[in-house]
Structure formats: C-alpha cells, structure tokens
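Place chain B on chain A using the hints.
Those sequence lines, one after another, are chains A and B. All residue numbers for the first sequence refer to the working numbering, where the first residue is 1 and numbers rise by one. All residue numbers for the second sequence refer to the working numbering, where the first residue is 1001 and numbers rise by one.
It should be emphasised that the hints constitute simulated quantities derived from the structure, not laboratory data. Do not take every clue at face value.
FRET-style restraints, in silico, Cβ to Cβ [said to hold, decoys possible]:
| id | chain 1 | residue 1 | chain 2 | residue 2 | range |
| --- | --- | --- | --- | --- | --- |
| 1 | A | Gly80 | B | Asp1089 | 21 to 31 Å |
| 2 | A | Asp302 | B | Met1256 | 38 to 48 Å |
| 3 | A | Glu53 | B | Gly1233 | 19 to 29 Å |
Built from N, CA and C at the ideal position, the CB exists for glycine as well.
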Amino acid sequence: MAGGLTYTAAESTAFSTAEIYGKALCELGEKHPEVVALTADLGKSTKIGMFGEKFPERFFNVGIAEQNMFGVAAGMAKAGLVPFLSTFSVFASLRSADQLHTDICYQNINAKVIATHAGTSFGQAGSTHHAICDLAVCRSIPNLTVICPADGLETYNAVHAAYDNFGPYYIRINRGFDRVLYDSSDYGFEVGKAVTINEGSDITVIACGSCVFQAYQAAKFLETNDGLKVRVLNMHTIKPIDKEAIIKAVMDTRRIITVEDHNVIGGLGSAVAEVIVEAGKGCAFKQLGIPDKFAPIGLHEDIMSALGIDQNGIIDAVREVMGKDFELDDDWDDEA
Amino acid sequence: MALTKQEWLALEEKAYELRQLCLNTTYWAGSAHIGGGMSVMDMLAILYYKYMNYKVEDPQWEDRDRFILSKGHAGVALASLVCHVGFDDKEKLKTFNLSNSTMGIHLDSNKVKGVDASTGSLGHGLPIALGTALAARVLGKDYKTFCIMGDGELDEGSNWEAAMAAAHFKADNLISFVDRNKCMIDGRTEDVMALEPLADKWAAFGFIVKVVDGHNFNELAEAIDFALENKSGKPVMIIADTIKGEGVDFMEDNFMWHYGAINEEKYELAKASLEKHYAKRVARAEKEGI
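Same shape as in the complex, but just chain A (with noise of 0.2 Å):
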C-alpha cells in the first residue's frame, strides 16, 4: 500500500490524473536512482516531464518514435534500471506493440508503461488518438499485468505499485481531469483485488476507470428512485483479474453488468465474461462499451453519454437487467 498522497477531494481536483501520475514518478524519481523516465515528444501530455524537469539526467526524449523508445527501455531495463515510459494509449498498445510483447513483455523485464489519453479521454482528437483495444492487446500479452485506474489518487497508487512489483506494468489513465472517486489514496488498493465501491445484492455492476465513478452516481440513484441495491465494483485490475470478486458478485446478485471506456471485444467486459463462463455459473449479463465501432468525436463525457457508459447509460442498463426473466437454478453449487 502506497498510501503517500492525502489529498482531500477537493485538493485531488486540482489536479489531473496525469499530473498525479507526474507526482507520483518524482517521488519514485526522489527515492530511488535506477528510476528513468522516457517519452515520444510527449513530455508534457503526459507529465512524465515533471520528472524530466526534477531529474534531467535521468530523462530521455527520443522524439516522435514509440518503437525505438519501447526498445530503448527494454535496454535499460536489462542493465538494471527501472524505466518508466509515457505516450498515448493508442500509441504504447499499437504502434510499439510489437516492442511492447518482445523487448517488454517476452523478455520479462521491469518496464511501466504509464498510458495516457486512454479510452476516449482525447475525445476531440477523434479515433486516430482514441485507445479503444489497448485492454485487449495488453491483455492477451504474457506476463503483462494490466491496470485502468478509477481516478487520480488510484493512479498514485497504481505507480507505486508498479515500481514495488518486479515486472512489465500497463497502465492507461485518461486525459485531464478524472471525477474523483477516492478522497484518499489509503482505501486497500492491491494489485489484482477489486474495490467494492458500494455494496449490493440486487446486481453488480463491474467497471473500471472513469466509468467507475459513473457507476457509482448510478447506484446512489438506483437505490433512491428504485430501491435497488446495485454493488459496484471497481476492477482496477483487468489483469490479472479478481475471480474470486467476479464468481462472489455472481453468486450474490446473479446480475451483471461491465462497463468500461473500450471496445467490448477483448477488453473488462470480455475479461469478465470468460470468468463466468469458466466457472459455470450461468447468469444475466451485460456489457457496456464501445460496440465494435470507431467512437464518435466529442468531449469524453459527452461521448461516454452517447455510448451509454455514463450514469444514465448504467441506469437504464440495470433497469434493463432487472426487468428481465431471469430463472434461478437451484442447483447452483454455491460453494464455487
């Protein structure tokens, strides 16, 4: 547990998560000397030049070249150093993919990857800056763990466990400003372990990054206009996923919906769904995502609205699955 950072909520939204991201790598930079930092002409998108500013010798810009920068790290990373790396999502999970799984990942070596402008946080910028398979490219790469934090003090927490577990890390955090979720960064966040954000028996909502927080206003709504008792659960961790939270939320609710900023194909919800279906636990399901589509332009949430991954997307959703006929079986082995 990291557990550095107290900011209070409304400190925390001074920041962007990626200037918290900044903070968090100095205070790694401040500690411990085999800390390096490199960008792709990204330095200030993604705040890896705060460390750049702090520890100049420590900071390579190698220009507007993701390939040569993945390899660079893993040369690094080799020699005994702990490189962190930055550029957009879709750029460290495509255009440097093939680093990513060789150099990184098949190598085994302690590189993290912090990705930025992930899902579609760079709305604007339209699909060529919209990262919507980096989860599914990420996750189907060996000894790569994966994670999409909820909001800023999660991604503090997220580096810092990056830098204390040996291992190839990705991390994709959105553009600017998060919702804040979490008004502290000490909550219990462990790599691998989802968060229960709201407790619930009616259904479970899993999400992961910035609709975690949409979740969550979802829920309280829920529970006001419908008496619903909706449990959310932030899975931070796409991998290694928390099987143990997916089977329990489908032992307990036996509904379920996965929301994420991300292609439904291959991403949390896909996750999810492979999780359940091993277990052989039949249930009602659901995924919220971007439907195998290029995602439309606009202002993240106005995007996310349009997708339906905002609250009101999630409202309807449970209304949706709560309405349907869903038989029980009692012959469930309850103990799985």
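Below, chain B alone, put in the same frame as chain A:
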C-alpha cells in the same frame, strides 16, 4: 592497431572452430539460418575472443560488455559462440531447434546463458543496444555495448529511429556493425529494397562510418580499436562487407542459403569446404600479418 600475426592466426583458428560448430549444429538440427550465421561469424569471433569483457561463470556480471545480435535469426551462430566460449556445454547444441530445447532458432535471453537480448523480430536490436549504452551513462559504468545488425533488416524504420537517437544522445559507447552480406530472404538487398548508398545514410544520421572487409580480422580490429578509442560524441557504425555462407563454397553469396537444410552429403561437402577455407585464411594471415 594492427593485429600481430600470432593474434590473427589465433582468431582464424577460433573462427574455423566456430564455423565447424555452426555447420554441425545445422546438421544436427536438420536445418538452420546457416548463410547469415557464416557471414557474421568473424565478427562474433573477434568480439568474444579479443575485445569483450565477460565472465562465463557469471553471465549477468553487471560490468560486462554487452552484445546484442539484432539479426536474431543468426541464433545458430550465436548459440555456437556462447557454447564455444564456455557459457554452456557444446553438447547442448545437439538440441538446437528440437522440441523442448532451450535453444530455438531465435535465442531467448532468459534461457540461454550469455545472450543479452531476445531478438528475432527485426529492427529491435539497435534500440535495445542504445538503451543498454545509455544505461551505462546513468549507472556510471564504462561497459561497452556492441550490436550487430543484418543489412536486410535495415528496411525496418525502427533502426533509423534508433540511429537518430544514438547520435542525438551522443552514444559513443555504442559500437554497431552491419553484416553487409547483401542478401535477404527474397533476393539480393539491392533488388528487394535498395540500401545503397548505405555508408552515406549512416553518416547522414550522425555516425562515424567505417567500411571494412568483414572477413578480414585485421580490418575488423582496426575499426573496433578506433571505435573503442572514440570519444567524439558520435556513435560508430562498422559496415562489414561480408559474404553470405562464407566458408562453404556452395552457399557463398547465395540468398537461397538464408535458411537451409543440410543432409549427410551436403554436410561432408561443407566440412571439406570449411577446411579449404581455413587453409586459405591461414595463408592470408601468414602473408599479411606482421
């Protein structure tokens, strides 16, 4: 500095043994990337038997010089080399390419002792080597990083990204080679995708370029000595003019031998050819060596 005749002859002997081992390994495996293995072999021999600092009993020694074979398909040559220098038992080469072997076509740095990077996907070696060289600077170490690229793989853009960065970061502790055997899978480099003027390209990217005969130890030594002394802030690129399949007459300069199968008949012919090749090389060292 020129090699002494004695040094030159000693390297010829090592290179002959390495070529024999590479041929044997290919024969045991049934097939391998023998053409490019033979073209790169003299560079491997001189690096590991004259220049590089390493400890076979401690492959991860942190002050060792690093070597990255960017043309990872020449794993049959590198496997022969790491066994020959003693990182592993030569007997292990009999498992090369077989199911469940630790030695596949492209060597895995987590499985094969003495291998500093897992390569195979082309265009990856120079970036990794650059990172290794830059790490020395951060760590305050004076190890050198050597990287050998194939010429065909220079089609990959990532090499030129790394080239630009190596010059930008003034990585003069990075010493790179191109194994310029002029062949790639589908044909000759100049037919598939022209590389020339190659030396001018590297020079334009900010490298000091040395063009040498990649099968002449004296020329290689002079270029490497220069690179080791180089403190100009510019990285050095040694373009080694080589012959694919060097030493095996029926393979020489033939792109069809990028990857090839060796049966008993071919094995015997190749063995005899290597013997003749060694005699020629010894005669040259005797004549030109000082």
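Going down the list of hints, with the structure as the test:
1. Distance hint check for Gly80(A) and Asp1089(B): the Cβ-Cβ separation is about 28 Å, which falls inside the suggested range of 21 to 31 Å.
2. Taking 38 to 48 Å as the suggested C-beta distance range, the pair Asp302(A) and Met1256(B) does not conform, at roughly 59 Å.
3. Against the hinted window of 19 to 29 Å, the Cβ-Cβ separation of Glu53(A) and Gly1233(B) comes to about 24 Å, which satisfies the hint.
The structure does not agree with numbered hint 2 stated previously, though it agrees with all others.
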